[in-house]
Amino acid sequence: MNTKTINDMVIRFANVNGSGSASANDMFAKSVFRMGIPVSPKNIFPSNIQGLPTWFDVRISEKGYLGRREGIDVLVAVNPATMKKDIESVLPGGYLIYDSSKVLHEDYIREGIHYIGIPMMAMVMEHYSVPRLQQLFKNMVYVGALIALLDMEMEVTRNIVKETFAKKEKLVPPNFQALDLGYNYAKENYDCPINFCVKRADKIGNKIMMEGNAAIGLGAVYGGATVMAWYPITPSTSVAKAFETYCKKLRIDPQTGKKNYAFVQSEDELAAIGMVIGAAWNGARAFTATSGPGVSLMSEFIGLAYFAEIPAVIVNVQRGGPSTGMPTRTQQPDILSSAYASHGDTKHMLLFPSTPAECFEFTAQAFDLADYFQTPVFIMSDLDLGMNEHLSPPLKWDDSRKYNLGKVMSAEDLETKEFGRYLDVDGDGVCYRTIPGTHPTKGSFFTRGTSRDEYAQYSENGQVYVNVVNRISKKWQTAKSHVPAPEFYQKENESKQGIVFFGTTTYAALEAMDILEGHGRKWDAMRVRAFPFNQEVADFIASHEKVFVIEQNKDAQFRSLLINELEVNPKKLEPVLVYDGKPITATAIIDKLMN
Amino acid sequence: MNTKTINDMVIRFANVNGSGSASANDMFAKSVFRMGIPVSPKNIFPSNIQGLPTWFDVRISEKGYLGRREGIDVLVAVNPATMKKDIESVLPGGYLIYDSSKVLHEDYIREGIHYIGIPMMAMVMEHYSVPRLQQLFKNMVYVGALIALLDMEMEVTRNIVKETFAKKEKLVPPNFQALDLGYNYAKENYDCPINFCVKRADKIGNKIMMEGNAAIGLGAVYGGATVMAWYPITPSTSVAKAFETYCKKLRIDPQTGKKNYAFVQSEDELAAIGMVIGAAWNGARAFTATSGPGVSLMSEFIGLAYFAEIPAVIVNVQRGGPSTGMPTRTQQPDILSSAYASHGDTKHMLLFPSTPAECFEFTAQAFDLADYFQTPVFIMSDLDLGMNEHLSPPLKWDDSRKYNLGKVMSAEDLETKEFGRYLDVDGDGVCYRTIPGTHPTKGSFFTRGTSRDEYAQYSENGQVYVNVVNRISKKWQTAKSHVPAPEFYQKENESKQGIVFFGTTTYAALEAMDILEGHGRKWDAMRVRAFPFNQEVADFIASHEKVFVIEQNKDAQFRSLLINELEVNPKKLEPVLVYDGKPITATAIIDKLMN
Amino acid sequence: MTYIKPIFRHPLLPKNKVGFTKKDYEGAISTLCAGCGHDSISAAIIQACFEMSVEPHKLAKISGIGCSSKTPTYFLGNSHGFNSVHGRMPSVTTGANMANRDLIYLGVSGDGDTASIGMGQFVHAVRRNVNMVYIVMNNGCYGLTKGQDSATADFGSISKASKTPSPFQGIDLVGLAMEMGATFVARSFSGDKSQLVPLIKAGMSHPGFAFIDCISPCVTFNNNKGSTKSYSYVRAHNEATSLLDFVPEEKEITMEYEEGASKEVVLHDGSVLLLKKLAPEWDPSDRLSAFSKVQEAKASGEILTGLLYIDLESKELHDLFGTTDTPLNTLREKELCPGSEALEVINAGRR
Amino acid sequence: MTYIKPIFRHPLLPKNKVGFTKKDYEGAISTLCAGCGHDSISAAIIQACFEMSVEPHKLAKISGIGCSSKTPTYFLGNSHGFNSVHGRMPSVTTGANMANRDLIYLGVSGDGDTASIGMGQFVHAVRRNVNMVYIVMNNGCYGLTKGQDSATADFGSISKASKTPSPFQGIDLVGLAMEMGATFVARSFSGDKSQLVPLIKAGMSHPGFAFIDCISPCVTFNNNKGSTKSYSYVRAHNEATSLLDFVPEEKEITMEYEEGASKEVVLHDGSVLLLKKLAPEWDPSDRLSAFSKVQEAKASGEILTGLLYIDLESKELHDLFGTTDTPLNTLREKELCPGSEALEVINAGRR
Ligand SMILES: Cc1ncc(C[n+]2csc(CCOP(=O)(O)OP(=O)(O)O)c2C)c(N)n1
Ligand SMILES: Cc1ncc(C[n+]2csc(CCOP(=O)(O)OP(=O)(O)O)c2C)c(N)n1
Ligand code: SF4
Ligand code: SF4
Ligand SMILES: [Mg+2]
Ligand SMILES: [Mg+2]
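Taken in sequence, the protein lines are chains F, V, A and E. Numbering of the first sequence is given in numbering that gives the first Met the number 0, commencing with residue 0 and proceeding in unit increments. Numbering of the second sequence is given in numbering that gives the first Met the number 0, commencing with residue 0 and proceeding in unit increments. Numbering of the third sequence is given in numbering that gives the first Met the number 0, commencing with residue 0 and proceeding in unit increments. Numbering of the fourth sequence is given in numbering that gives the first Met the number 0, commencing with residue 0 and proceeding in unit increments.
Isolated chain F, as found in the complex (with noise of 0.2 angstroms):
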């Protein structure tokens, strides 16, 4: 019982939301980070700004275990509200560590936990003077507290502080007080370490924290986005809020201080869209952000850019549907909505992101796809990738890479060559472009969302319509060799069974795999990352007899994609389904793989 476990444990801050913990909470898992250890902080926030619950849950994983995990070591339990549930959720063994300002209620004794009391309230009562100080270095207290009780490196943390305050010193050393506090008070009056510790490692290796929606708004400013327009929702507002911010820096012409870039807050996601559609039918690269609620509203415009045939690139942070279902519980229920989106005959290309890292690069590459192909692009993230900071590989640039901004004709090319907006030239079912401007006589022509011939003509002709329609399919056909391929985690395949996933799925998915194979238990793995699917994909299915599909909605709507698109035997294919709005853990994977 008095082994110490190390570096692997989940521990729970639960808080109050506009209480200043987010910030204190976000130092102590950046802590865990830069002493080397594998880290994933999980916010879960209310849908509001003061006053209701907030949990933080950071999980500590040596092994690079970054799914959710049930189960709490050590809470932090600093709200009285939630402190009875807070208090079921430790395991057995586990630590709490609440305020002993005033006596603990009886309610709150449990049976085979550990209690630390901290008079955090007391403490800062005494030290700070101004009440909303009080409350801020609180949460300083428990954190000091925890780096004691951890037994983690202090001078990390005090970095850290540093850094945060770094252009207003004068908070830097009430915050080092704060977290003495709690440091001096756990030395003296607990015997530290506890049974869970933390112990620098080396398992970081270039690896960065970020949250995927910064990612994202960063991989646009690098893939050439110069026209955003958004409608705020969460939680995808921060997607336009990176972007904005990485603007600022990085997107201002040196020689006048002009923008590089137009970013505009439009007045719902109807107008977002509709901006980014005329942008792009201008020439520039534009994108939108929302999340499901946004995608429906937009799901008529989106339908004009596919038969328009437009580019435009499309953010959905999805989040707990359906309607306003669980607006900060993250979910993957916009599978088919999105691929589907809007009436008639439509199909959307879907990236699957995974880590920031790929945040990052399916943003630069949906606008050389979305430019070659003239047709909407959605990045399909979730709450979980968006709003949390995620443990990624560095992004990458080459700096000899090119936009592809795909077949559009100039000036001098329309002297030489036929135009005609929508002629198959190359057979791929991609035609050839011109942006307005160009040229005086040549190349204008007219676009719609009706019918028309190759040459841009309305027609209400039925087979003028039908070859239209036939073609753009064949631009579908021509796509699955140009979307990102899966990831397959074994050389070759080994066993009968298989499993896919895609998105945030991953990260619970791979746990699972590397447990169940610690099992003697070989499942052999796909990680699906765009649609249309490439032919991998339909290869992998086809040569395993049984597939578990996991992802985190009820419908099962990824295995529909998959069954539809691949004309799969619905037979072979086995849904595991979490929607409770919680990230997918390795366990509740375990449990259905085996039944």
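A partial selection of chain F residues facing chain A, derived with a Cβ cut-off under 8 angstroms:
1) ASN47
2) GLY50
3) ILE232
None of these hints come from the bench; they were simulated from the model. In this text, a Cβ means the ideal position worked out from N, Cα and C, and glycines have one as well.
With chain F held as given, fit chains V, A and E with the ligands onto it using these hints.
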């Protein structure tokens, strides 16, 4: 070559829109109907108001084949702009009726067809002085000529003229005169009848001729709809018009002269569905009618109705998609976008009428289903069914029929029973609701599109959410046995091969079956009438080796729905697709069935 | 919500004409930020309904999405409520009103909900003169999504979210409602109960669309004025801590002032609003002078409050349509279904 | 579209400064009803662009859906055009404008497209002062869907589709644009080329949102006045024939009148519009008097035409945003991509 073809032909009228021809053509079709022969007129019109080509194809079939058929037997070609192409559509041995006021240009001369010149313009200019009347009566002249050429009964047409102008009697004689001009000229100058003729038969029984949209509007009146909110869009606009027209006749309070309905032309489709949802939440039966683009715009709201569990009836008169697509052509391209409308995990009930009688009945029934299941219900019609007159069994209403308002608690109920808005009291997934204004202190609740507990309280708890969505899934299961069952065309299954179809595809499918049976080939057939699919649908597919799914869209959307929802092996379902915007033909189906 | 509160009513609480105490008009406990102006408006609604002796079940409260749109949970727990989707409260309320003309409809919205995504529906509800009270809890920002500028944000104002001055003129919803032909147009301030309660009561009595633009400071995100001089120490200090997730508890701002007078209100961030109450002799039924008054005040940077305009001849939508007096949602087969005989006539006409 | 027309240009046609003849500004042959006001507006656009020596490829024409929104096919065949979706031309144009500030943007819309489904986008394009000319071809009805009332239909007017008088006040788009702070607001009549052409030219020169509400009679469906006295014989006769599918060919209505004068225009159905032209001495830069003038005219049933208001200090959206002078759509890797070094700094900051 000289045996006459009786009661089996297609007559095409090639006109210009805005020229008044539609009314004349209608009278012609109606005359055939009155002579007891099944007839199916189809209007092919442009997306414009005046001056562009329109065609009116009248299929006459004693056998009752009422789908479209390619190949024209008799062409009334009065639009010079399309004459060249129109003539190509005439079958060898067929007839061209043209205006011989001017000499026919030699370009229009083709071998193998008969030419019948009627000096239409010359005659009307001689007999009428006002130019606009000349134009109008020209149309009646060719109708008169046809009566002679096809050996029809003038008296029948005269009666129709009399009825049409019952309130403007002075217009009757000049119309008669025009008919006579054409009739006499044909009689005097040509051998009448030609090789095609129309002979009185007795194949109509008590059937009626009606547009699907009119039947839907009337169905809503009978079904007890009191609030209609809508926004104009082809081809759904006439649903609204019919509802209003019938309401003006049938829904005026006899005492006060006031309206027992509210009819709101909204500012757009979002507002239309919002009004429907507001009205239904408040206990009225409410509906809207729209087409694909409207459904796309409504999709956020549809998710709200689904998740907050509010009845809503949505008529989707489908047209060619995607985007603005082919707004005046027919398709069935919104199957998936309606079934899964909105983000998140959603599924919606769809009803698929094939005849005006079913349009009427299903609309009335949709209100019962929507009220009972507290969810959106779509009536999936299309341009072909909605805007063309169809031969149909008469509309039926049982006066003892009661509206099923579903589980609504009254003030008395609230006094005696426990109320929890989302309590699954009966175990069928369907909960009890209350209407605002019911009881001063009991039964009020808060409706929202977010997750909430059984007592309608907002909740972000994962388990509470899971309970809600699982209960809604249970409701879906319950619904399977409440929606209209499929129709079968054999007492017992007789073949290993089956065909599945729905809506307007029925006409051509039945014709194809009949023809094939004549050739000794037998397919079992099932017409699906609703989604969710009832057990019979699953059974039919299970009991056949191969099933052809016939539909009018490119992506085989109905087939996808069958695969997804019934877990059918895609290999078993063979798509038969026509998507050029024209109604599907038996020939197209036979081609595909016979490979 | 009342059903989770104890049923016990204090016998000494005063009752209104229909036998309810003020407590009966309360709702669930607010989860808005401490000091949020929206809570003050909720209190005014409670007060007005109590004073008007509204039977709670005869009122329906409908909203969109936003902090403001959450408030219907926090008042009138015995009334049916509907928190619909963002910006679409007007259409939902119009539909509800069509279904039952006998209830009072209280629509609550935010400035984001109304002036951005909901602009079209707002304008058309005005035009239809739907019989309802429409309250915009106007804080110049998107509270719930963390403080972005809304379309009513003043030119030059600086939000916590963007940190740059708004380059656009704020939309004046009162001017817009006037222009669109609204039959009842008022403006007030969340903290001014003595003005707001009577306005809500008047709105409920008005047969038609009663619009109340109610300025309601967001203590957490908004700064109503952008000029640097109005930045107080408090604000500067907040910035120093740099924690966007830190929301200090603030007190509700309340104030009173005389009709005809002007009053400066200091907001939580130290910025100042200049309110001006219409004089008691103001004739709100004169459309043209209402128009000029609003334009002039705008030009001079004043925020005019009070009942600016009322059309005493107002005809609400049901009257314009000629709907029956009986609520449509109570009609049944007898009134609605023409029966088989009528259908036979229709069939006959189709042969 | 021009590419299907013969390339041959008559050598004697006069050329403008940039070397184009008027023919070069034409488009495909119109498929609107004969006599439709929209065609007259197309002709005015052609004339204005010719006179302004606009290079056709430096202009983009964007529209929504409707008869009016079809017109861009019928003018400026050498310009790129975009027939988007119903009511959303403003957002598409805003986006296009963001991408390339160097083109002239000509947005064409209908009253249904703008005042109903497009209301929100219209208002917000005004507010953003997007640099464009926004022409509403205002016929008070939905032409393309067969004549339903639009939101600009006059109170009491009777459409062919509904046959009952409109119970609502028509939305005055000019008043609305003024209220929303538009920087250029004009009204004209389709048939009045002498007024319309200069207005379009002025609009194209205006740096910001130039709004032109152009009354444009629908010969097929609309009746601009509802009073029975204005019903002419023609109309009565149409009714007698009772054929909704019959659209008689009509002649374009053209007219001219002096500045400052009033003029009655008789429409195809015999109804009468009372137009009043602003006097030559009218000062369109005085905001407050523009406001009162518009309100007064409305109150007295006159339709005021001319340039009602212009803000000579107008700053268009790019200036408000501080966008670079170079069109964004011409920037490439060099200007846009910060490169791997900057990325390494960002990575480092994330460790
Ligand atoms: C379709 C849609 N888009 C975006 C959102 C996100 N959202 C929620 S509230 C809100 C703004 C609320 O602002 P306002 O109406 O002013 O209310 P406040 O919070 O300021 O009271 C937004 C954009 C949403 N819920 N739905
Ligand atoms: C989303 C959507 N709803 C409805 C329609 C059908 N529709 C086409 S044009 C139109 C109205 C056009 O009216 P207006 O803008 O006034 O143009 P007009 O034809 O009168 O010139 C409508 C409702 C559509 N195309 N898209
Ligand atoms: S964020 Fe602002 S509007 Fe929202 S509750 Fe807090 S103070 Fe009120
Ligand atoms: S219907 Fe009216 S608006 Fe449309 S083209 Fe004809 S006249 Fe013009
Ligand atoms: Mg707000
Ligand atoms: Mg119009």
